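**Q** Chains A and B are the protein sequences, given in the same order. Per the working numbering, the first sequence starts with residue 37, numbered consecutively. Per the working numbering, the second sequence starts with residue 3, numbered consecutively.
Hints were generated in silico from the structure; no laboratory data involved. Careful: at least some of the hints might be erroneous.
Listed next, the in silico DSS-like pairs over lysine-lysine satisfying Cα-Cα at most 30 Å (straight line) [unchecked claim]:
hint, chain 1, residue 1, chain 2, residue 2
1, A, K248, B, K242
2, A, K362, B, K339
3, B, K276, B, K240
4, B, K265, A, K223
5, B, K339, A, K363
6, B, K242, A, K155
7, B, K242, A, K272
8, A, K248, B, K276
9, B, K301, A, K360
10, A, K159, A, K129
The model shown is predicted, which means the values in this text are computed figures rather than measured ones.
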Amino acid sequence: MVRVGIPRALLYFKFFPLWKKFLDELGCEVVLSPKTNQKILEKGVEIGFNELCLPIKLYYGHMAKLLDKYPDLDYVFIPRYIALDTKGFYCPKFLSLPDAMKANFHDMPPVLEWEVNSKQNLKAVWAIAFGRQLGMPTTRIMDAYSKAVHYYKEYHEVLRKGVPVPDALESVEKGEPFPDPSEIEEKPLTIFVLGHPYNTFEEFTNMSMMEKIQEMGANVLALENLPERVFEHRVKVSDKFDNYWGNEQDILQASNYFYNSGADEIDGVIFLISFACGPDSLIAEIVMRDMKDRGVPYMSLILDEHSGNAGLMTRIETFVEMIKRKKLMEVTH
Amino acid sequence: MINNCDNKMTQTRMELEDGSKAGRMDMQEVYLGIDVGSVTIKLALVDPSNNLIKSTWLRNQGSPIENVKIGIKRMRDELEQESMLDSIQVKAVGTTGSARYLTKSIVGGDVAKTEIIAHAVAAISYHPDVRTILEIGGQDSKIIILRDGIVVDFAMNSVCAAGTGSFLDHQAARLGIKIEEFGNYALRSETPVSIAGRCTVFAESDMIHKQQMGYSKEDIIGGLSQSLVRNYLNNVGKGKDIQPPIIFQGGVAANSGIVEAFKESLKEEVTVPKHFLLMGSIGAAILAKEHFQENPGYKTNFRGFDVHDIEFETSTFNCGGCANNCEVVQVKMAENKEIVARWGDRCGRWEVF
Chain A
37 MVRVGIPRAL LYFKFFPLWK KFLDELGCEV VLSPKTNQKI LEKGVEIGFN ELCLPIKLYY
97 GHMAKLLDKY PDLDYVFIPR YIALDTKGFY CPKFLSLPDA MKANFHDMPP VLEWEVNSKQ
157 NLKAVWAIAF GRQLGMPTTR IMDAYSKAVH YYKEYHEVLR KGVPVPDALE SVEKGEPFPD
217 PSEIEEKPLT IFVLGHPYNT FEEFTNMSMM EKIQEMGANV LALENLPERV FEHRVKVSDK
277 FDNYWGNEQD ILQASNYFYN SGADEIDGVI FLISFACGPD SLIAEIVMRD MKDRGVPYMS
337 LILDEHSGNA GLMTRIETFV EMIKRKKLME VTH
Chain B
3 MINNCDNKMT QTRMELEDGS KAGRMDMQEV YLGIDVGSVT IKLALVDPSN NLIKSTWLRN
63 QGSPIENVKI GIKRMRDELE QESMLDSIQV KAVGTTGSAR YLTKSIVGGD VAKTEIIAHA
123 VAAISYHPDV RTILEIGGQD SKIIILRDGI VVDFAMNSVC AAGTGSFLDH QAARLGIKIE
183 EFGNYALRSE TPVSIAGRCT VFAESDMIHK QQMGYSKEDI IGGLSQSLVR NYLNNVGKGK
243 DIQPPIIFQG GVAANSGIVE AFKESLKEEV TVPKHFLLMG SIGAAILAKE HFQENPGYKT
303 NFRGFDVHDI EFETSTFNCG GCANNCEVVQ VKMAENKEIV ARWGDRCGRW EVF
């Protein structure tokens with residue numbers, strides 16, 4: 037069986053179920069680097085050059101760990117997401133990811149490149165190009181791809197019912213059925229954690245903040261848990277300024293939703309940002325203004341490899357406490 | 003003896019229900035707040051009407067555990083001297099500051115809340131109409147925005163400690179003046195020089211440069227105060243809706259130069275409350291009171307004012323359970339080896355609060 041390794045970083049948190057099912061159906065065995073730990077972080081910071089954002093540094097660390105753990109890999113899977121619609125681009129670091137890896141890891145096994153550029157072709161066309169790298173006939177690739185797309189849809193339906201992304205990803209990895217959404221207990225507060233999935237679900241660098249917010253007595257929701265209609269229409273910021281970044285679109289859509297009808301469904305928004313993320317720094321300003329206008333409690337948290345647990349926890353504790361006290365006042369008055 | 007105590011308590015309760023004030027020899031209900039910051043430790047004892055009965059503060063040098071014990075002992079001794087020790091009863095203890103959980107375990111606290119909440123609660127209690135709180139401490143600076151007595155927004159400095167108390171301490175020492183004099187120097191300045199205040203590393207080299215150029219200490223300190231305020235407003239205060247009444251608290255509020263610079267920058271009156279240094283600890287005490295009142299029949303975990311006689315042992319070990327190899331800290335009571343606190347692990351397998 038062909039063995040394919042995937043670093044557990046970056047878009048793994050967004051597209052892994054699609055990739056995994058596609059590769060499974062093409063008859064490959066998928067292995068992942070372990071969950072982020074101190075050593076992986078240190079390795080990534082050591083290899084990745086200084087100006088990179090933390091998630092990319094982590095990708096380097098995970099690649100190193102993957103190659104070290106599985107020296108017998110047939111392929112390394114590296115995504116190259118260029119554009120998912122006809123407008124805007126992904127961040128340049130995503131566009132150049134396979135090249136950056138090849139330039140750094142010289143003894144790497146052959147790279148299976150998963151390129152998606154909807155400006156040029158339909159996603160299915162890219163899927164065929166991907167399958168060809170494994171020497172597969174088109175009919176088999178198309179069959180595998182349509183099964184993967186179907187599975188990815190199912191995955192999103194489960195998330196929209198409120199299942200947390202880490203739980204769903206775990207079942208994908210183990211090849212088990214998705215967890216049951218009915219087991220989720222309801223709490224009096226709901227905090228929305230906004231951000232790229234490689235920030236919000238990277239438990240090592242965000243110090244399991246989702247879990248900690250839950251322990252403080254609040255429900256935690258993420259982009260992935262929002263209704264499908266939130267993401268149906270592209271958000272245009274203004275006539276003068278349109279969002280250029282493909283991977284910021286869903287963040288703007290969520291912000292737009294909370295600016296309108298969605299405001300009643302949540303009690304506060306925390307935007308988790310990686311230090312040195314250019315697109316986030318622009319979008320965060322827009323989100324902040326939207327939330328302020330709408331009177332939704334808002335806080336942004338910036339993560340980097342030097343983040344101290346104490347400072348992060350103080351902010352989260354204060355944010356949750358602030359909302360609790362606010363609600364209490366509303367009830368008593 | 004026990005009977006005697008009970009009598010006293012009943013008497014106090016009856017008197018309080020009458021609406022009359024508890025006399026000096028009656029058992030007065032009090033709440034203790036402890037604010038363990040990075041540079042100083044503050045303790046405050048408040049009555050049920052949030053009046054400050056007793057307070058003390060000390061520098062937090064070395065071990066916070068030892069210093070908290072010293073602080074409690076100091077408070078105990080002062081209460082004893084004024085023969086108040088037997089007439090008060092601590093109903094609940096609140097802790098705040100960066101060592102709030104550690105302190106809660108050591109003294110037997112009832113609530114541990116963040117310093118932002120504690121500062122806000124104290125400020126609201128003394129100035130119910132406050133809409134903006136500026137707070138600068140030893141290592142932290144914060145801004146708290148309130149509307150109708152509710153915190154609606156806040157911010158705290160991140161990794162950068164530019165313009166906080168410890169930087170001012172350091173600069174005062176470098177210029178050879180007492181920190182207490184710092185504000186007066188700034189106020190005497192007629193043409194404050196421009197100092198790069200974005201980062202203290204740059205500020206310091208800029209200050210040295212200006213000194214070498216021959217500018218007076220007054221004008222350098224005046225310029226520094228202005229640039230620190232600018233830095234605070236541009237970083238911590240960025241995007242915040244600063245509305246009067248504005249209250250300035252925390253240790254740096256003692257610095258009249260900074261207070262003036264805030265007034266000038268904001269073009270608003272800035273009030274420094276009487277107990278500006280103690281606001282965190284007063285807030286912690288009020289939060290303890292809230293906790294006590296919300297839970298009928300609540301019994302405090304407080305180990306008592308004799309907590310300074312209890313020996314604690316701290317030790318550290320590396321877990322080794324996974325690649326993270328977390329450094330776990332534990333605090334034990336020396337006498338019976340009971341673990342009062344243990345943390346530092348990411349996964350929570352060792353955690354004891």
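**Q** Each hint should be assessed against the structure and marked as holding or not.
**A** Evaluation of the provided hints:
1. K248(A) to K242(B): Measuring from Cα to Cα gives roughly 26 Å; hence the hint holds.
2. K362(A) to K339(B): Given pair K362(A), K339(B) is violated - Cα atoms ~42 Å apart, limit 30 Å.
3. K276(B) to K240(B): Holds, at about 27 Å.
4. K265(B) to K223(A): violated (44 Å)
5. K339(B) to K363(A): Not satisfied, since the Cα-Cα distance of roughly 42 Å exceeds 30 Å.
6. K242(B) to K155(A): violated (40 Å)
7. K242(B) to K272(A): This hinted pair holds, its Cα atoms lying about 26 Å apart.
8. K248(A) to K276(B): violated (37 Å)
9. K301(B) to K360(A): holds (24 Å)
10. K159(A) to K129(A): holds (21 Å)
Checked against the numbered hints above, the structure breaks hints 2, 4, 5, 6, 8 and satisfies the rest.
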